[in-house]
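Enquirer: Chains as they are written, first to last, in UniProt numbering: chain A, 1 to 647; chain B, 1 to 317.
To be clear, the hints were calculated from the coordinates, so they are not data collected in a lab.
A portion of the hints provided could be inaccurate.
Claimed, not checked - Straight-line distance between alpha carbons at most 27 Å, and here's what the computed DSS-like set of lysine-lysine pairs gives:
| no. | chain 1 | residue 1 | chain 2 | residue 2 |
| --- | --- | --- | --- | --- |
| 1 | A | Lys315 | B | Lys130 |
| 2 | B | Lys130 | B | Lys237 |
| 3 | B | Lys130 | A | Lys425 |
| 4 | A | Lys46 | A | Lys315 |
| 5 | A | Lys430 | B | Lys237 |
| 6 | A | Lys320 | A | Lys592 |
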Amino acid sequence: MTTLALIARNRLALWGGIVLILVILLALVTPWLPLYPPNATDPSIKNAWFGEEGHLLGTDHLGRDILSRLLWGTRVSLAIGFASAVIAAVLGAAIGIVAGYFGGRTDNILMRLIDLIMGFPYILLALAIVAALGPGLMNALIAVAAVNIPFFARNIRGVTVGIAHKEFVDAAKLAGMGHVRIILTEILPNVVPVIVVAASTTVGWMILETAGLSFLGLGSQPPDPDLGSMLGLAKDSLITDPHVSYPPGLMILIIVMSINLLGDGIRDALDPRLRSGALSRPAAATTVDRRGAAPAFRDEGILEMTDLSTEFRLKRRTYKAVGGVTLAVKPGECLGIIGESGSGKSVTALSVMGLVASPPGVITGGAVYVEGEDTVGMPYRQLRALRGDRVAYIFQDPLATLHPLFTVGDQLVEAIRVHHRVSDKEARAKALELLKQVRIPNAESRIDSYPHEMSGGMRQRVGIAMALANDPEVIIADEPTTALDVTVQAQILSLLSDLRRERGLAIVFITHDFGVVAQLCDRVAVMYAGRIVEEGSTSDILRSPAHPYTKRLIACVPELGEGKRALAAIPGLPPAVDRLPDGCHFADRCPKARDVCRQDDVALMGQGGRAVRCLFPEAEVPGAPEAVPGPPVEAEPITADRVEAAQ
Amino acid sequence: MGSYILKRLVSAVPVVLGLTIVVFLIMAMIPGDPATAILGAYATPENVARINRDLGLDQPLPVRYFIWLTSLLQGDFGRSYSLNRPVLDEVWERFQATLLLAGASFVICSILGVAAGVVSAARQYGTADKAITFAVLLGISIPSFFLGMMLILIFSVSLGWFPPSGMQGLAYLGGGGFRDVAHHLVLPATALALVALGVIARLSRSAMLEVLRQDYIRTARAKGVDERGVVWRHALKAAMVSIVPVLGLQAGFVLSGAVYIEKVFEWPGVGRMLVDAILQRDLLLVQGGVVLVATLYVLFNIIVDVIQAMLDPRIKT
Ligand code: SF4
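Build the full structure now, drawing on both the sequences and the hints.
Expert: Right under this line is the structure:
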């Protein structure tokens with residue numbers, strides 16, 4: 001039902017369906033319509049024009065009524081097209097299911113065969129079959145069905161392989177069900193949608209093919225009409241009597257087009273990936289929809305965010321990923337932003353240069369000042385000039401974030417040349433220099449490597465080199481060490497720390513790991529559900545965390561590099577950001593939550609860069625409510641189900 | 001790279017062998033007495049005796065296959081009875097004309113198809129995207145032979161720009177007739193290209209959309225690469241990895257579509273030869289033509305694989 005509704009919601013698919021049904025109805029009632037007999041010749045009115053002598057669509061070169069032949073021909077073409085689709089789908093599905101279900105030798109042999117047949121340009125095979133069987137409508141049908149079997153077999157094998165190893169199939173086998181029954185009751189219902197999609201996208205094609213064989217004179221034989229053979233005849237008198245070719249040609253076009261529209265609708269409805277609209281193309285810069293004026297520049301740092309808000313707008317829901325974040329970094333300073341995944345820390349970082357994927361991302365408020373200039377709503381050209389030049393990024397998994405098909409040297413050279421007019425040679429020399437600065441051994445040979453030829457640590461060094469390419473003021477590092485093992489992680493951190501000292505870089509370091517923060521950052525902001533819940537100097541926060549959430553985060557950090565598991569030890573999950581609770585967002589997981597916590601929004605309170613968003617903080621913070629220390633937090637044992645729940 | 005090409009060539013041997021088996025088995029399905037079926041209208045007693053000797057038709061199936069295969073390997077594809085000339089000569093001559101037609105339209109549809117797909121993806125849901133999407137739908141829904149006929153009516157009959165037919169074969173090229181050949185080529189190559197163009201544009205569009213969501217595209221943007229560079233350099237290069245195999249597949253469709261287009265424009269290609277041969281029941285010609293063209297197609301696909309390997313350094317060569 002939902003599928004049908006989805007198809008119907010797609011306008012074009014709906015129209016396709018309506019037109020197709022009309023054509024089919026017309027074909028069905030043809031025998032009862034008051035038409036001339038399709039094969040009755042009348043030498044006195046050859047090639048009559050539309051409407052002449054009572055022939056609505058004229059006559060052909062033998063004086064036969066074109067309207068009548070068109071409708072009878074449509075019957076034949078539709079029947080043959082659908083029949084070959086059904087045959088190809090059934091046989092192809094059977095082969096695919098058998099191959100996928102039994103696997104091993106059976107699979108191997110069947111798929112080799114299929115590959116072999118797919119190795120032919122399909123028409124050669126069809127022609128060979130027609131040649132062997134002789135021209136004729138039935139043989140054309142067989143040929144078209146045969147050449148389309150491999151397509152179905154392949155698709156359906158793929159799906160079956162996926163299903164054949166699922167638990168419910170194993171359970172059925174254990175229960176002693178026979179292969180045939182398992183295939184019919186467990187496998188088939190699951191592959192039917194795939195068969196339907198494959199069929200709906202190929203029926204049109206098969207109608208074209210059968211018409212084509214008839215057009216060549218290899219399908220329907222005279223005098224019987226089908227759309228292809230009508231066109232074949234019309235071709236012979238094309239220049240003198242072009243009108244004879246219009247009705248059958250347009251009829252094929254209408255049929256195939258309506259089937260294709262409907263097929264696309266069916267595919268979209270049955271393919272969940274397309275259903276969610278996930279295939280949108282991210283725009284060059286995040287959309288900005290800022291109501292009201294931009295907050296003023298406070299001159300607190302080289303990078304300064306004020307009240308930054310970013311949402312994800314999906315069809316029916318809006319996720320407030322970042323809900324009013326205010327932060328600043330000074331030159332030479334390292335600011336850590338810490339939080340669980342989904343806390344909004346990465347979105348905050350990406351919002352700075354408009355890199356949040358859009359759609360669905362939208363920056364809805366606030367300002368981001370880079371050297372005093374607001375990047376929110378800045379014209380694209382200006383924003384692009386800042387990207388990588390003044391503000392550079394280092395991303396998490398460098399295997400995914402470096403282009404797989406360019407050498408690292410080329411990627412570095414490009415990073416330089418998009419901002420500086422230098423020759424290729426100069427840029428390459430600079431690239432080599434950068435690789436040496438990030439301590440890549442054998443930089444001279446490494447420069448021509450592709451990312452996949454390097455280790456994770458080396459790749460991340462390349463990522464850092466690329467960020468340094470234009471001597472930026474600010475580097476935003478989004479979990480740059482998460483994908484690396486502990487020793488490499490430590491190396492990368494010390495590299496970043498050295499670079500900061502040498503170059504006076506401002507670094508914004510996004511992480512979920514307090515161990516990393518302790519090693520690198522001067523100040524920390526803790527994010528929870530899109531907002532900052534506590535900020536202060538690293539030493540203050542580590543010594544006396546004021547927010548219950550921070551306290552727990554710190555309590556369960558065993559040592560550097562184990563952050564991922566440690567975070568799982570906080571009971572409960574962060575709230576879904578489309579359904580934020582009233583009052584304190586942490587209340588559902590907070591051991592000290594009282595009724596008052598859930599009433600009104602809790603403000604971030606404090607002074608001098610030390611602040612907390614809690615009514616009953618764990619430690620004394622000037623300008624915040626009085627401390628009400630809770631019980632000491634014991635690191636809870638990490639159980640498997642908890643880790644799973646957190647993920 | 002050299003060893004990779006060699007490896008691919010060697011791996012093509014069983015494919016070509018398998019292909020001959022398939023063709024042989026299909027031809028063995030012919031009902032009735034093979035000699036008269038193969039000869040059809042040309043079944044004089046001498047011809048029957050000759051074909052029985054040539055193909056060993058009195059032998060069991062596997063033996064017949066080996067006799068046939070051995071003569072193929074010696075370059076002997078038999079003699080066409082309707083044309084009374086060696087199959088190989090005829091097929092080779094006709095194939096050149098087809099290659100010209102299919103090749104030209106393959107180049108057209110590859111370049112325009114990929115470009116349309118890229119533009120469509122880059123302007124997703126924009127006017128250009130909608131127009132291209134509609135054109136693509138029209139392209140994959142219209143029978144190429146009908147399209148060809150309409151092109152003749154518009155560009156030959158009404159406008160008189162291009163000839164509707166009359167291509168004489170490649171011998172013309174030698175006679176300084178390059179312009180004439182090109183003139184004859186425009187309409188059929190266009191008609192043939194438009195159909196595959198739709199499929200290529202569609203797949204390029206989705207390949208591009210897939211790539212544009214990747215993290216390394218965000219990296220390119222973060223570096224400050226402008227949109228043109230992001231789309232045409234970063235994204236297209238990565239998308240080509242999935243587009244090139246599709247192009248290889250589409251070459252088969254272009255070659256197949258050529259059969260119809262050759263009839264519409266009376267092009268002296270291998271497709272028309274095959275259709276005529278079927279209608280004349282000249283089955284040796286059909287058999288030889290199919291095996292030869294299919295083998296050339298296998299070779300073409302090796303070229304596609306090699307291009308793919310050059311494009312993607314992650315493929316082990
Ligand atoms: S405001 Fe209340 S619920 Fe929220 S963290 Fe503080 S004590 Fe816990």
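Enquirer: Quickly compare the C-alpha distance for Lys130/B and Lys237/B to 27 Å and report which way the hint goes.
Expert: Holds. Lys130/B to Lys237/B sits at ~24 Å (cutoff 27 Å).
Enquirer: Between Lys320/A and Lys592/A, is the straight-line Cα distance small enough, at 27 Å or below?
Expert: Status holds; Cα separation ~26 Å.
Enquirer: Checking one constraint from the list: CA of Lys130/B to CA of Lys425/A, max 27 Å. Satisfied?
Expert: Violated, because 43 Å separates the two Cα atoms, which is more than 27 Å.
Enquirer: Does the structure keep Lys46/A and Lys315/A at a Cα separation of 27 Å or less?
Expert: Since the Cα atoms of Lys46/A and Lys315/A sit roughly 59 Å apart, the hinted pair is violated (cutoff 27 Å).
Enquirer: Taken at face value, is the distance from the CA of Lys130/B to the CA of Lys315/A at most 27 Å?
Expert: holds, 21 Å
Enquirer: Given the hint that Lys430/A pairs with Lys237/B, does the C-alpha gap stay at or below 27 Å?
Expert: Given that 27 Å is the threshold and the Cα spacing comes to 25 Å, the pair holds.
In this structure, the hints that do not hold are numbers 3, 4, in rising order.
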